[in-house]
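Following the hints, complete the assembly by docking chain U onto the known chain V.
There are 2 protein chains.
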Amino acid sequence: MFEKHIYSNRRNALKKQINKGLALFLGNQESAMNYPANTYHFRQDSTFLYFFGLNDPDMAAVIDFESGEEIIFGNDVDIDDIIWMGPQPAVAHKAALCGVEHTRPFNELFDYMGKNKNRPIHFLPPYRGKSAILLEKLTGVKPDEQKKNASVELIKAVVTLRSLKEDVEIEAIENAMEVGWLMHTTGIKMAREGVYEREIAGAMEGVALAHGCVVSFPVILTKNGQTLHNHYHGNRLAKGDLVLVDAGIESPECYCTDHTRTYPVGGAFSSRQKDIYSIVLKAQKEAIEMIKPGIRYRNIHLHASLVMAEGLKTLGLMKGDMKEAVAQGAHAMFFPHGLGHMMGMDVHDMEDLDENYVGYDANTTRSSQFGTAYLRLGKELHERYVLTVEPGLYFIPALISKWKSENMFPQFINYEKTGEYLNFGGIRIEDDVLVTASGYKVFGKPIPKEVDDIEKLMR
Amino acid sequence: MFEKHIYSNRRNALKKQINKGLALFLGNQESAMNYPANTYHFRQDSTFLYFFGLNDPDMAAVIDFESGEEIIFGNDVDIDDIIWMGPQPAVAHKAALCGVEHTRPFNELFDYMGKNKNRPIHFLPPYRGKSAILLEKLTGVKPDEQKKNASVELIKAVVTLRSLKEDVEIEAIENAMEVGWLMHTTGIKMAREGVYEREIAGAMEGVALAHGCVVSFPVILTKNGQTLHNHYHGNRLAKGDLVLVDAGIESPECYCTDHTRTYPVGGAFSSRQKDIYSIVLKAQKEAIEMIKPGIRYRNIHLHASLVMAEGLKTLGLMKGDMKEAVAQGAHAMFFPHGLGHMMGMDVHDMEDLDENYVGYDANTTRSSQFGTAYLRLGKELHERYVLTVEPGLYFIPALISKWKSENMFPQFINYEKTGEYLNFGGIRIEDDVLVTASGYKVFGKPIPKEVDDIEKLMR
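Protein sequences appear in the order of chains V and U.
Take the first sequence: its position 67, counting from 1, is numbered 73 in our numbering, and each next residue is one higher.
Take the second sequence: its position 153, counting from 1, is numbered 159 in our numbering, and each next residue is one higher.
Just so you know, these hints were derived from the structure itself, not from any lab.
Please note that a few of the clues may not be correct.
Pairs involving identical chains hold if they fit within one copy or between any two copies, as the list cannot separate such chains.
Claimed, not checked - Result set (DSSO-like, lysine-lysine): computed pairs, CA atoms no more than 27 angstroms apart in a straight line: (1) LYS154 / LYS136; (2) LYS410 / LYS329; (3) LYS455 / LYS298; (4) LYS280 / LYS325; (5) LYS195 / LYS148; (6) LYS21 / LYS154; (7) LYS153 / LYS143; (8) LYS154 / LYS143.
The following block holds chain V by itself, in its conformation from the complex (with noise of 0.2 angstroms):
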């Protein structure tokens, strides 16, 4: 938890936003995997920690926009408790530690809703089940309604405050960068022939768990890299496979990193493997270089996108015009994500007020076009914004026969070539950049990323 001054302040920048009504922030309960009592992990709600710092669940919070007053609803715990939890300090204790001067039992926020149900209540929209019940409790707005009845200016305050981070949240977001180093760094080493993907990923999360740290999204570690999300880890590795790994850590202050490397089992690329990870690594640092105040995301994603298209070309696996094919949107069958998206208490972050709202603005408004469509961040970029930066190259079986069938784009894509590759896998490079006043900054120690650094770890 970060000084008391951190969370107030934020408290009182929120207040400058907004003048009317009251807003309800809901922490989050503690989420059942089979029968009530069996939890996973606590996950408190990004914004809640953001405002009032305590990462314990069932508690909520309020905010005057009127009066100025804060409240924290919680309860103290009892004796029960205590045999079974540990002892714990008081609610009014906890918040004191951001800050806040009133707090109230739980089952007194219904009345405290009840008594202002006639003033405009500012909600965000919940993302879990439990949340959505509690909202209708309080507000009377049902879950399928929640997310229209959320609250724009609410959501728009919150993001313009969490876009820009601190530098207490820079620090955050770097001092969890040793772990997410080790984590990968012993992934790295561990790819030999025989070996299962799960003992990687296992090992992996277990760095990340050793440290006090949990992983900030569920591993992604496959020789099928073509698969974008893939978590099912129950391949083993040969002589010849590419393994893709697309993961990060959450701190105990709850701050990500969020990192991808492709390396090859038993620690040599073959040539056609090289070839293709170095259209992405320079597609990588070509977009890592752009990034600066001022310039739009999209147009460094669209950059990164002709990089790799010109270098699909050299491998005659694209020919014609480069430039038009990537307006055109024929590079996304090889590249159907988006260059990156915001990164800090959530590895997406604030994915859960709304992409729209988080990534483009009046300004900038979403690609429709299938590829493009996915760039979660495409706005102009700001000093203090952090982002990821994770170009890639797929063969997806599935979508290059899709594609040829329906024969899309035959002028930019040579289908007889891209058949030799459909067991090639995909490759994505990833890393976690801080937006600065000149320019850029990478964060952390530097996972290896040249061919022959990561050749050299392998060995």
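Just chain U, lined up with the frame of chain V:
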């Protein structure tokens, strides 16, 4: 997944128990961590898995007890799903694997339930918010009303079936034990001075993951074993500490293990630790010896309580007539939980269906006495039950202080002496046991629990 006839047989057995209406089984949905797309590892609902064997999200099934019809509702994947999640078999193909002939798109479930709304609908109490919201849409029963409107007839029928483990289940549980053994022995060897609790907990969970398993519940690993469900792993181990580790794995088939071991940092018990440890071990071994069909598990719980009370008396911590002390519940200050619980696909098997239907029946109702009230399984044992045996002794400062100030059982408890143990912590020893025709069988390769064996392994 087991062979098809296993699932057909189970559903046929269920159909023999209920004659009217239809049963609605909701499979689980993905569970959001901090935004909708960032999910915890998927855990299927155990009862859905028991009757249908399908381990994928967003499915439901109905069994019509009058027509005998069985239908699985679920959606096939589209090209976008394939790009992100990989190719998947069709729902009809999956349904055939569990012997169900009829499948329909998920959305048709709403229509189906609408058409059947005047018939008796049997459903089980949901434990996840999303399931509760879905159930309200399907049945009109509000989340707060669902538990009391759940079908007691269906609950009892499911409990009857799932309590008696089939041969394939007993084999699946036995097969899971190897990884549970490896996880615990890995932990025991790591418990040295200067190591953080999280390092051991992380390595242990890493072992589960590396073998394609997950932990069956959040790892309890602590030098403060007096807190029964202690998930804080931030302490550094020092000489003289006892480490209590309660952990288990869940196999890819979703069968559990659950063991507790307690061991001294550095590998040598102090004489005071050995005294208490030996009492718990004696109680655990005698309890296991008593297991056989026909005996009430509460009687075994009370015997273990008596063994421990008598041991505490020899150390001067208790005094007077120990039979009377146990009858009155004085021992529960040191042993405030139950001796064990049913285990199977859930580590507390079927706890979502209500412990009172799982662990109690018309002949054995739950005690209201502090301590014994926490006993999850009290009723008569039957062949094919699988259960845990886990006595423990704890010195819980808050509880001792409360009882002392309330002058609880001064005739049985020597509060002066307990004052010397306030920093002792807690000890628990747990194994998993099958009730056989003639007695019992302890599952798995033994994880060391004798003092000498533990000290030897730690050398």
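Do the hints match the structure? See the list:
1. Within a single copy, LYS154 and LYS136 get their C-alpha atoms as close as 18 angstroms, and across copies as close as 18 angstroms, so both meet the 27 angstroms cut-off.
2. For the homomeric pair LYS410 and LYS329, the shortest alpha-carbon distance inside one copy (21 angstroms) is at most 27 angstroms, but the shortest distance between copies (81 angstroms) is not.
3. For the homomeric pair LYS455 and LYS298, the shortest alpha-carbon distance inside one copy (22 angstroms) is at most 27 angstroms, but the shortest distance between copies (61 angstroms) is not.
4. For a Cα distance limit of 27 angstroms, the shortest separation of LYS280 from LYS325 inside one copy, 20 angstroms, qualifies, whereas the shortest one across copies, 77 angstroms, does not.
5. In this assembly of identical chains, LYS195 and LYS148 lie within 27 angstroms of each other by CA distance neither inside one copy nor across copies; the values are 51 angstroms within and 53 angstroms between.
6. Taking identical chains as interchangeable, the C-alpha atoms of LYS21 and LYS154 lie at most 27 angstroms apart only when both belong to the same chain, with a minimum of 23 angstroms there against 43 angstroms between chains.
7. For the homomeric pair LYS153 and LYS143, the shortest alpha-carbon distances inside one copy (16 angstroms) and between copies (17 angstroms) are both at most 27 angstroms.
8. With identical chains, the CA atoms of LYS154 and LYS143 are at most 27 angstroms apart both within one copy (17 angstroms) and between copies (19 angstroms).
The structure fails to meet hint 5 from the earlier list, while all remaining hints are met.
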